[in-house]
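Engineer: If you're matching positions, the sequence shown starts at -9 in the numbering used here and goes up one per residue.
Don't read these hints as lab results, they were simulated from the structure.
Built from N, CA and C at the ideal position, the CB exists for glycine as well.
Do not take every clue at face value.
Label-pair distances were calculated between CB atoms; the ranges are [claimed, not checked]:
hint, residue 1, residue 2, range
1, -9, 64, 16 to 22 Å
2, 99, 79, 16 to 22 Å
3, 34, 76, 30 to 36 Å
4, 2, 84, 18 to 24 Å
5, 48, 98, 44 to 50 Å
6, 46, 21, 25 to 31 Å
7, 3, 127, 20 to 26 Å
8, 28, 59, 17 to 23 Å
9, 94, 72, 21 to 27 Å
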Amino acid sequence: MAQPFNLLVVTPEREFFSGEAIYVSVQSIAGSLGVMHGHVPMVSALDVGALVIQTDEHTTRTAFHSEGFIEVRPECVYILSQACEWPEEIDEKRALEAELRAQERLAQQRGEDLGSMGHSKVALMRAMTRRRVKSMSSK
């Protein structure tokens, strides 16, 4: 059986999760990052992605996370994110509308500076990831 570790996930608005976990996975800027007890200490920037928290051998929850940081320390894993949402907190209609708006902005920005396109791409990724996390929970 996997050994648990302390996990704290916070956003500017709330403490999203605080408790023991045996596994956590996030989307870092370098790709998917999974952490178990005894992981080497590290810090990494987070991209938009799915947050997977396994609290025991039979319980796994998936949530949306946006940009932020993960810090792995011997006593605790800290995840600081601009936003985290459980699937039941995601408004699918609103996420779809945001996705369509971002796609429209990207289409209009062709040929413009990369900075403004980058903001639209991030907005598109947020909306698509929210919808993906929401759909994963309804299966």
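Engineer: Indicate, hint by hint, whether the structure satisfies it.
Structural biologist: Here is what the structure says about each hint:
no.: 1; hint: -9 with 64: 16 to 22 Å; in the structure: holds (20 Å)
no.: 2; hint: 99 with 79: 16 to 22 Å; in the structure: violated (30 Å)
no.: 3; hint: 34 with 76: 30 to 36 Å; in the structure: violated (23 Å)
no.: 4; hint: 2 with 84: 18 to 24 Å; in the structure: holds (20 Å)
no.: 5; hint: 48 with 98: 44 to 50 Å; in the structure: holds (48 Å)
no.: 6; hint: 46 with 21: 25 to 31 Å; in the structure: holds (26 Å)
no.: 7; hint: 3 with 127: 20 to 26 Å; in the structure: holds (21 Å)
no.: 8; hint: 28 with 59: 17 to 23 Å; in the structure: holds (21 Å)
no.: 9; hint: 94 with 72: 21 to 27 Å; in the structure: holds (23 Å)
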